[in-house]
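There are 2 protein chains.
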Amino acid sequence: MRKVGITETVLRDAHQSLIATRMRTEEMLPIVEQLDDIGYHSLEAWGGATFDACLRFLDEDPWDRLRKIKAKAKKTPLQMLLRGQNLLGYKHYADDVVEYFVQKAIANGMDIIRIFDAMNDPRNIETAIKACIKEGGHAQACISYTTSPVHSLDLFAKDAKILEGMGAHSICIKDMAGLLKPYDAYNLIKAIKESVKIPVQLHTHYTSGVASMTYLKAIEAGVDVVDTAISPLALGTSQPATEPLVASLQDTEYDTGLDLMKLSDIAEYFRPFREKWIESGLLDPKMLGVDANALIYQVPGGMLSNLVSQLKQSNAVDKLDEVLKEVPRVREDFGFPPLVTPSSQIVGTQSVFNVLMGERYKMVPKESRGVVKGEYGKSPAPISEEISKKILGDEKPITCRPADLIEPELDKIREEIKDMIEQEEDVLSYALLPQVAKAFFKKRKDGTLNQTPLEPAPKKAEPAKEQFDEEDD
Amino acid sequence: MRKVGITETVLRDAHQSLIATRMRTEEMLPIVEQLDDIGYHSLEAWGGATFDACLRFLDEDPWDRLRKIKAKAKKTPLQMLLRGQNLLGYKHYADDVVEYFVQKAIANGMDIIRIFDAMNDPRNIETAIKACIKEGGHAQACISYTTSPVHSLDLFAKDAKILEGMGAHSICIKDMAGLLKPYDAYNLIKAIKESVKIPVQLHTHYTSGVASMTYLKAIEAGVDVVDTAISPLALGTSQPATEPLVASLQDTEYDTGLDLMKLSDIAEYFRPFREKWIESGLLDPKMLGVDANALIYQVPGGMLSNLVSQLKQSNAVDKLDEVLKEVPRVREDFGFPPLVTPSSQIVGTQSVFNVLMGERYKMVPKESRGVVKGEYGKSPAPISEEISKKILGDEKPITCRPADLIEPELDKIREEIKDMIEQEEDVLSYALLPQVAKAFFKKRKDGTLNQTPLEPAPKKAEPAKEQFDEEDD
Ligand SMILES: [Co+2]
Ligand SMILES: [Co+2]
Numbered sequence: 002m003r004k005v006g007i008t009e010t011v012l013r014d015a016h017q018s019l020i021a022t023r024m025r026t027e028e029m030l031p032i033v034e035q036l037d038d039i040g041y042h043s044l045e046a047w048g049g050a051t052f053d054a055c056l057r058f059l060d061e062d063p064w065d066r067l068r069k070i071k072a073k074a075k076k077t078p079l080q081m082l083l084r085g086q087n088l089l090g091y092k093h094y095a096d097d098v099v100e101y102f103v104q105k106a107i108a109n110g111m112d113i114i115r116i117f118d119a120m121n122d123p124r125n126i127e128t129a130i131k132a133c134i135k136e137g138g139h140a141q142a143c144i145s146y147t148t149s150p151v152h153s154l155d156l157f158a159k160d161a162k163i164l165e166g167m168g169a170h171s172i173c174i175k176d177m178a179g180l181l182k183p184y185d186a187y188n189l190i191k192a193i194k195e196s197v198k199i200p201v202q203l204h205t206h207y208t209s210g211v212a213s214m215t216y217l218k219a220i221e222a223g224v225d226v227v228d229t230a231i232s233p234l235a236l237g238t239s240q241p242a243t244e245p246l247v248a249s250l251q252d253t254e255y256d257t258g259l260d261l262m263k264l265s266d267i268a269e270y271f272r273p274f275r276e277k278w279i280e281s282g283l284l285d286p287k288m289l290g291v292d293a294n295a296l297i298y299q300v301p302g303g304m305l306s307n308l309v310s311q312l313k314q315s316n317a318v319d320k321l322d323e324v325l326k327e328v329p330r331v332r333e334d335f336g337f338p339p340l341v342t343p344s345s346q347i348v349g350t351q352s353v354f355n356v357l358m359g360e361r362y363k364m365v366p367k368e369s370r371g372v373v374k375g376e377y378g379k380s381p382a383p384i385s386e387e388i389s390k391k392i393l394g395d396e397k398p399i400t401c402r403p404a405d406l407i408e409p410e411l412d413k414i415r416e417e418i419k420d421m422i423e424q425e426e427d428v429l430s431y432a433l434l435p436q437v438a439k440a441f442f443k444k445r446k447d448g449t450l451n452q453t454p455l456e457p458a459p460k461k462a463e464p465a466k467e468q469f470d471e472e473d474d
Numbered sequence: 002m003r004k005v006g007i008t009e010t011v012l013r014d015a016h017q018s019l020i021a022t023r024m025r026t027e028e029m030l031p032i033v034e035q036l037d038d039i040g041y042h043s044l045e046a047w048g049g050a051t052f053d054a055c056l057r058f059l060d061e062d063p064w065d066r067l068r069k070i071k072a073k074a075k076k077t078p079l080q081m082l083l084r085g086q087n088l089l090g091y092k093h094y095a096d097d098v099v100e101y102f103v104q105k106a107i108a109n110g111m112d113i114i115r116i117f118d119a120m121n122d123p124r125n126i127e128t129a130i131k132a133c134i135k136e137g138g139h140a141q142a143c144i145s146y147t148t149s150p151v152h153s154l155d156l157f158a159k160d161a162k163i164l165e166g167m168g169a170h171s172i173c174i175k176d177m178a179g180l181l182k183p184y185d186a187y188n189l190i191k192a193i194k195e196s197v198k199i200p201v202q203l204h205t206h207y208t209s210g211v212a213s214m215t216y217l218k219a220i221e222a223g224v225d226v227v228d229t230a231i232s233p234l235a236l237g238t239s240q241p242a243t244e245p246l247v248a249s250l251q252d253t254e255y256d257t258g259l260d261l262m263k264l265s266d267i268a269e270y271f272r273p274f275r276e277k278w279i280e281s282g283l284l285d286p287k288m289l290g291v292d293a294n295a296l297i298y299q300v301p302g303g304m305l306s307n308l309v310s311q312l313k314q315s316n317a318v319d320k321l322d323e324v325l326k327e328v329p330r331v332r333e334d335f336g337f338p339p340l341v342t343p344s345s346q347i348v349g350t351q352s353v354f355n356v357l358m359g360e361r362y363k364m365v366p367k368e369s370r371g372v373v374k375g376e377y378g379k380s381p382a383p384i385s386e387e388i389s390k391k392i393l394g395d396e397k398p399i400t401c402r403p404a405d406l407i408e409p410e411l412d413k414i415r416e417e418i419k420d421m422i423e424q425e426e427d428v429l430s431y432a433l434l435p436q437v438a439k440a441f442f443k444k445r446k447d448g449t450l451n452q453t454p455l456e457p458a459p460k461k462a463e464p465a466k467e468q469f470d471e472e473d474d
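Those protein sequence lines, which keep their order, are chains A and B. 2 is the number of the first residue of the first sequence in this note's numbering; add one for each residue after it. 2 is the number of the first residue of the second sequence in this note's numbering; add one for each residue after it.
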């Protein structure tokens with residue numbers, strides 16, 4: 002009997018998606034041993050936005066969190082999300098930083114590293130994959146799911162093959178916006194399973210309301226593992242709920258083997274947190290609803306609301322339809338990048354400008370130039386001479402891997418921060434988020450960290466502007 | 002291409018399930034024409050608890066609501082839920098009342114009458130079916146879904162065949178507690194489709210989190226119509242959301258043919274209501290969560306919380322496990338009735354008594370006696386001599402249809418209330434809910450009806466005790 006594996010996301014993506022990554026280590030630790038006892042394929046417990054949130058909002062050392070969770074989860078592989086060459090930050094880092102980060106993540110207890118790139122450029126995840134393999138970790142390579150005229154089953158299958166060729170131990174189809182519909186998932190998983198020999202995992206969000214059905218069809222198509230969240234932190238912008246899927250598969254050929262009674266105890270633990278967070282406003286019930294507009298426009302929910310708010314600022318909400326028609330045209334011009342952070346904002350903003358100016362590419366933000374120039378990596382389809390010329394003028398696009406242009410930087414960084422570090426890992430925290438880490442180090446030294454355990458929850462989630470507010474891992 | 006039909010429940014079950022049936026006619030009317038324009042198989046808009054709620058809480062005439070909705074929904078069949086011989090009340094009524102009620106429902110605009118009985122005793126729905134057929138309505142006969150050793154695919158298929166034989170135009174599998182899991186739904190629908198020629202519809206609730214998946218597998222098995230709610234009033238104790246299912250089936254052989262853009266407009270209309278109701282406390286976010294315990298214990302969520310609260314009152318919450326083991330034994334003794342109102346309360350209370358007394362059936366409430374005596378109809382399996390003797394003593398059970406023992410009552414009722422009626426339908430309101438209707442008539446006469454439109458929403462839903470608070474239609 003083929004057992005379907007379950008990755009539980011409650012310690013990472015679920016709270017990242019519902020409560021702006023505000024779950025504290027103290028809130029996690031009392032239940033980790035029970036989570037460890039469930040028999041999950043893995044526990045997603047680190048990475049994504051949690052690293053930044055620990056340092057920036059929670060006054061916690063993310064490395065310390067990792068070690069504490071590991072100490073209580075001795076049986077279940079821990080899993081993290083890594084943004085390829087961006088690691089857990091917001092720009093490309095030098096290879097020596099990437100390699101050292103992966104080494105330290107594994108040394109501190111990480112088992113499975115899920116690695117993705119917003120452009121689906123395999124070169125942007127290769128260094129992390131190789132480093133993970135070298136350190137004895139499980140390297141899971143991602144394909145960001147999107148729809149476009151070039152994103153055929155063939156293209157996805159070929160991408161998967163390339164990642165397998167790089168040595169990835171498994172493939173993850175990562176659908177951060179919940180755009181993947183059930184029967185499309187069936188065909189996609191079939192195509193990828195035929196293309197590669199390594200296991201295939203599916204990650205999606207409930208945002209548009211199709212995700213549970215999508216998992217069911219993906220499972221019928223042979224997917225090996227899916228990501229779910231225990232019910233009190235499931236649905237809405239988070240993952241499908243764990244228990245209903247486990248119950249649905251029970252006594253079928255897809256049985257997960259997980260015990261519903263034990264899962265019920267886990268849910269029991271988190272239910273009061275859910276209530277507390279709703280009470281305090283940290284969990285907005287709007288996050289728990291279904292927003293099917295993403296399925297209509299094939300753009301992530303977060304991008305859609307950004308477009309609306311940009312248009313509102315210009316008193317031009319009536320132009321929304323026009324902008325929504327412009328989005329696929331800009332995407333085409335930019336080589337059909339997946340619509341994930343940061344490309345979703347870049348394409349969205351450019352589309353708004355094109356419509357509001359009454360002339361396409363009259364105004365071009367530097368991020369748009371960056372995409373066309375190749376600073377984020379290679380786009381899925383080539384960018385035409387015409388667009389390249391229009392946007393870059395005489396400047397030549399780069400064709401190498403963006404990080405090839407970055408000198409090794411670890412030594413310099415270490416030198417800069419040497420007076421403040423208390424552990425080797427601090428060098429990496431500083432490398433990724435210099436200001437944020439420095440502020441944390443200072444408070445740590447002064448003994449002014451405010452790690453109030455369990456209570457009170459922040460009154461309203463106020464994620465930092467720009468960099469932080471539309472993470473859709 | 003076989004089109005799957007969608008029944009939209011937003012005007013009935015969705016708000017009954019989420020906001021204690023408090024949606025006002027004034028809140029419905031502005032969107033009815035647009036709903037009518039979608040192309041739904043039907044619009045569930047009346048019956049269930051709405052009749053009582055109109056008169057009891059909203060100071061509205063339910064008949065007037067029906068006429069007003071009908072005036073704006075000229076194309077889409079209207080649908081209602083009828084509790085068999087209980088109509089929209091809480092006891093068995095005489096056949097003349099049942100027949101007159103059905104006649105008036107159809108005369109006022111009803112097209113499809115969904116008729117169920119809590120015991121699944123076909124005799125309890127036969128009068129209503131025949132009356133519906135006679136008046137030219139569509140008679141949909143229900144099978145209440147439940148699990149037990151006697152509830153095999155064979156039994157359900159046979160029950161469906163009996164209902165078809167009575168002249169029902171379609172069959173509905175009614176899973177009020179969300180117990181039906183996807184692969185079980187597949188097998189069940191297959192079995193019923195093989196047993197009958199008439200269309201088969203599936204009704205379930207999202208409560209336990211499996212419902213969307215259940216619809217998908219039911220559709221693959223050939224179900225003709227499913228019940229969904231527009232997203233702002235979907236999930237939790239309500240139905241699965243309409244839009245994700247429509248999107249999922251698009252461009253497949255199961256396409257519903259509905260337009261997602263138009264559905265998006267409907268969602269837009271209801272979204273502010275959702276927010277208002279959450280704000281005012283009428284919609285408790287707890288209702289929006291997933292409760293998988295129903296799947297573990299195979300009892301409805303409402304019954305489970307009733308058991309807990311009964312045990313709390315006796316300071317015996319630690320006996321919950323014991324009670325949960327007693328429930329299937331009591332069900333067996335009582336002939337495996339489906340666990341729906343009122344049998345869920347009766348079986349639950351009896352189980353609590355059996356455990357707390359330390360001796361089974363030492364204390365037997367009159368409702369338990371009623372079940373064993375046959376006052377609610379014939380149970381799915383026979384009740385043993387031993388149990389019958391133990392509970393009824395020398396009293397003999399009745400074997401006829403319960404309503405056979407009720408004399409015609411319409412003339413008497415009409416006589417009683419003749420001074421207060423303003424329309425023929427008032428006789429029926431009074432027949433079903435004498436006190437409630439009388440109070441309504443009085444306010445209507447005095448001009449003191451409080452039909453405050455749209456605002457304010459009741460601060461907290463406080464359904465009337467006993468009869469009203471665990472309706473799980
Ligand atoms: Co995610
Ligand atoms: Co219902």
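It should be emphasised that the hints constitute simulated quantities derived from the structure, not laboratory data. Hints should not be assumed to be uniformly reliable.
If several chains are the same, the list does not tell them apart, and a pair holds so long as it fits within one copy or across any two.
Computed list of lysine-lysine pairs in DSS-like fashion (alpha-carbon distance at most 27 Å, straight line) [claimed, not checked]:
#1 Lys4 x Lys191
#2 Lys391 x Lys367
#3 Lys320 x Lys413
#4 Lys374 x Lys194
#5 Lys313 x Lys263
#6 Lys419 x Lys105
#7 Lys326 x Lys390
#8 Lys320 x Lys263
#9 Lys135 x Lys363
#10 Lys263 x Lys363
#11 Lys277 x Lys287
#12 Lys313 x Lys277
#13 Lys73 x Lys277
#14 Lys419 x Lys73
#15 Lys71 x Lys446
#16 Lys263 x Lys326
Structure-based check of all given hints:
1. Taking CA atoms no more than 27 Å apart as the test, Lys4 paired with Lys191 passes in both settings, with 17 Å inside one copy and 26 Å between copies.
2. Taking the shortest Cα distances, Lys391 and Lys367 sit within 27 Å of each other inside one copy (14 Å), while across copies they are farther apart (84 Å).
3. Proximity of Lys320 and Lys413 under a CA criterion of 27 Å is satisfied in neither setting, with 48 Å inside one chain copy and 65 Å between copies.
4. For a Cα distance limit of 27 Å, the shortest separation of Lys374 from Lys194 qualifies neither inside one copy, at 34 Å, nor across copies, at 59 Å.
5. Proximity of Lys313 and Lys263 under a CA criterion of 27 Å is satisfied inter-copy only: 23 Å between copies versus 48 Å inside one chain copy.
6. In this assembly of identical chains, the alpha carbons of Lys419 and Lys105 lie at most 27 Å apart only when taken from the same copy (17 Å versus 85 Å across copies).
7. Proximity of Lys326 to Lys390 under the C-alpha cut-off of 27 Å is restricted to the intra-copy arrangement: shortest distance 23 Å within a copy versus 75 Å between copies.
8. Taking CA atoms no more than 27 Å apart as the test, Lys320 paired with Lys263 passes between copies only; the shortest distance there is 19 Å, against 51 Å inside one copy.
9. Taking CA atoms no more than 27 Å apart as the test, Lys135 paired with Lys363 passes in neither setting, with 48 Å inside one copy and 70 Å between copies.
10. In this assembly of identical chains, Lys263 and Lys363 lie within 27 Å of each other by CA distance neither inside one copy nor across copies; the values are 59 Å within and 34 Å between.
11. For the identical chains of this complex, Lys277 and Lys287 are neighbours both inside a copy (16 Å) and across copies (12 Å), given an alpha-carbon limit of 27 Å.
12. Proximity of Lys313 and Lys277 under a CA criterion of 27 Å is satisfied inter-copy only: 23 Å between copies versus 33 Å inside one chain copy.
13. Taking the closest pair of Cα atoms, Lys73 and Lys277 come within 27 Å of each other only inside a single copy of the chain (25 Å); across copies the shortest separation is 43 Å, beyond that limit.
14. Proximity of Lys419 and Lys73 under a CA criterion of 27 Å is satisfied in neither setting, with 31 Å inside one chain copy and 74 Å between copies.
15. For a Cα distance limit of 27 Å, the shortest separation of Lys71 from Lys446 inside one copy, 25 Å, qualifies, whereas the shortest one across copies, 72 Å, does not.
16. When the C-alpha separation of Lys263 and Lys326 is checked against a cutoff of 27 Å, the pair qualifies only between copies, where the shortest distance is 18 Å, while the shortest distance within a copy is 48 Å.
The structure fails hints 3, 4, 9, 10, 14 (numbered hints given earlier, in ascending order).
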